[in-house]
Amino acid sequence: MQVKELKSEGLSHELEITIPANDLDKRVEDRLIEYGKGVNIPGFRKGKVPMPILRQRYGKAMLGEILEKAVNETSSKVLSDKKIRPAMQPKIEVVTFDEGKDLVYKMEVESLPEVKVMDLKKIKIEKPVTDVPAEKVEEALSEIAANNSTSKTVETKRATKTDDVVVIDFAGRRKRDDFTVDGMSSLGFELKLGSNQFIPGFEDQLIGKKAGDKVEVNVTFPKEYGMPDLAGEEAIFDVTIHEIKESIPCKVDDELAKTLGFDDLATVRKIIEDNMEAEYGRMSRLKAKKALLDVLDVEHDIELPEGMVQAELDGIIQRIEQERAQEHNHAPGEKCDHDHSVDDAEREELAGIAARRVRLGLVLAEIGNANKVVVNDQELNQAVMAEAQKYPGQEAQVFEYYKNNPQMVEMLRAPIFEEKVVDYILEQAEVKEKKVSVDELLKEDFDDEAPAKPAKKKTAAKKAPAKKAAAKKDNAPAEKKPAAKKKAPAKKKAAEK
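First residue of the sequence shown: 1, per the numbering used here; consecutive thereafter.
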């Protein structure tokens, strides 16, 4: 085998590999000898068929398989000999080949960069923490009581007021052309006035009315409404009020606890406290992780493989465009009168997000591997079980899916590995707890997509813009599970938010 280096610039390598004809011939002969041991050809004993006959009958048919194996084996050896750790699958292109002659192919590959990890003990971050306020527990109890309140029909001929439940029929249409869609009408619908369940202005126009009244409700759908045909449009709903019900408050006491299946109110209160404490703890760690990733991102100046950044960017854009299509209730790529594609400004920002993801992925992988962080079988099994629980009634199908697709199990490994590495780093770092209010802790400023202000210039992939962003890895596999689909939610009324 001959190897010629055509290019070596940074992480990019281009090599020309020549496999001699006699090497290929030997591979063909070895494969035919193995195959000939079990083949039956009239006139010859099993395993005693002459090589010329085997070559004549099966040589060409086996050539493709043999060439593929030869390329795989030689390319792996070249990468190993040259100590190139491929960032992605190498690109192979056959330059010349004729039967009986040398095989010459070209291999283009990007290598993983060397990652020099900072001293983890020098990392200093703040971790926001909070206590569970008693008033938050009481608010939760009051909400539970409100959700368990009952109602009774108002017998007197009084007008409706906020918090009443009205039983209505309604039929809606777009004002400019009487256009209507599924969900713009319903019979016997129970609506609590003041709940803001319907679009702004709808419920207000039913206050002060009586049972038996017919009301024309005029509203304007929000510009960001999920149905493009109605977004920003004026609409008219013909509403008939059949019945008015008033709520009967539910007391926060032991009887409420018993209706929920518990012995007493103290038990319910303790469960709420524990749940809040767990949620606050989760948010606290999430913000500590964000702060940690910001430090790692700023402190590691790494040349990034273009292919990895581009693949990450393509995946991000694909998911965004899929989500936009789903929000408009149609499949991605389906012909429509609006555009779901990412514009240039968004693409530039997303390229920064992709670069940060790749950078942090490389840093976390280096730290994890250097410190022997592993994901064990029990953790993987728990992850599979968690996935199965997302598909009630189809758990067996999900287990079978993962059993038959080990590569999908490996996709569950990545987020577990990341969290274990983050835990390891947090143990090494100097983490100072900072008491904050519940509102401050729950404020949604913890998104990993938001980068810290850079303290030093980054070396990104050649085509990636300097702007950085995200570290958060997607936990869900890119491929959909064919055998296990989530139950579709109840169809939304067009008047609802």
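Because the hints were derived from the structure by calculation, they are not lab data.
None of the values given here were measured: they were computed from a predicted structure.
The beta-carbon is built from N, C-alpha and C at its ideal position, and this holds for glycine as well.
Treat the hints with caution; some may be incorrect.
Stated by the list, open to error - The calculated DSSO-like cross-link candidates involving lysine-lysine, where the alpha carbons are at most 30 Å apart (straight line), are: (1) K214 <-> K157; (2) K124 <-> K106; (3) K136 <-> K161; (4) K116 <-> K127; (5) K432 <-> K403; (6) K77 <-> K7; (7) K116 <-> K420; (8) K157 <-> K192; (9) K403 <-> K69; (10) K77 <-> K48; (11) K245 <-> K192; (12) K390 <-> K122; (13) K270 <-> K434; (14) K435 <-> K124; (15) K127 <-> K270; (16) K60 <-> K4; (17) K157 <-> K209; (18) K223 <-> K124; (19) K116 <-> K26; (20) K124 <-> K251; (21) K26 <-> K91; (22) K443 <-> K390; (23) K157 <-> K7; (24) K46 <-> K82; (25) K251 <-> K161.
As the list claims (entries may be wrong) - Estimated spans, in silico, between C-beta atoms of each pair: (26) N404 <-> D30: 51 to 59 Å; (27) D81 <-> G47: 31 to 39 Å; (28) E216 <-> T150: 27 to 35 Å.
Here's how the hints hold up against the structure:
{"no.": "1", "hint": "K214 <-> K157", "result": "holds, 15 Å"}
{"no.": "2", "hint": "K124 <-> K106", "result": "violated, 47 Å"}
{"no.": "3", "hint": "K136 <-> K161", "result": "holds, 28 Å"}
{"no.": "4", "hint": "K116 <-> K127", "result": "holds, 26 Å"}
{"no.": "5", "hint": "K432 <-> K403", "result": "violated, 43 Å"}
{"no.": "6", "hint": "K77 <-> K7", "result": "holds, 18 Å"}
{"no.": "7", "hint": "K116 <-> K420", "result": "holds, 20 Å"}
{"no.": "8", "hint": "K157 <-> K192", "result": "holds, 18 Å"}
{"no.": "9", "hint": "K403 <-> K69", "result": "holds, 27 Å"}
{"no.": "10", "hint": "K77 <-> K48", "result": "violated, 35 Å"}
{"no.": "11", "hint": "K245 <-> K192", "result": "holds, 9 Å"}
{"no.": "12", "hint": "K390 <-> K122", "result": "violated, 40 Å"}
{"no.": "13", "hint": "K270 <-> K434", "result": "holds, 25 Å"}
{"no.": "14", "hint": "K435 <-> K124", "result": "holds, 17 Å"}
{"no.": "15", "hint": "K127 <-> K270", "result": "holds, 25 Å"}
{"no.": "16", "hint": "K60 <-> K4", "result": "holds, 29 Å"}
{"no.": "17", "hint": "K157 <-> K209", "result": "holds, 10 Å"}
{"no.": "18", "hint": "K223 <-> K124", "result": "violated, 44 Å"}
{"no.": "19", "hint": "K116 <-> K26", "result": "violated, 44 Å"}
{"no.": "20", "hint": "K124 <-> K251", "result": "violated, 48 Å"}
{"no.": "21", "hint": "K26 <-> K91", "result": "holds, 26 Å"}
{"no.": "22", "hint": "K443 <-> K390", "result": "holds, 27 Å"}
{"no.": "23", "hint": "K157 <-> K7", "result": "violated, 88 Å"}
{"no.": "24", "hint": "K46 <-> K82", "result": "violated, 45 Å"}
{"no.": "25", "hint": "K251 <-> K161", "result": "holds, 22 Å"}
{"no.": "26", "hint": "N404 <-> D30: 51 to 59 Å", "result": "violated, 33 Å"}
{"no.": "27", "hint": "D81 <-> G47: 31 to 39 Å", "result": "holds, 38 Å"}
{"no.": "28", "hint": "E216 <-> T150: 27 to 35 Å", "result": "holds, 31 Å"}
The structure fails hints 2, 5, 10, 12, 18, 19, 20, 23, 24 and 26 (numbered hints given earlier, in ascending order).
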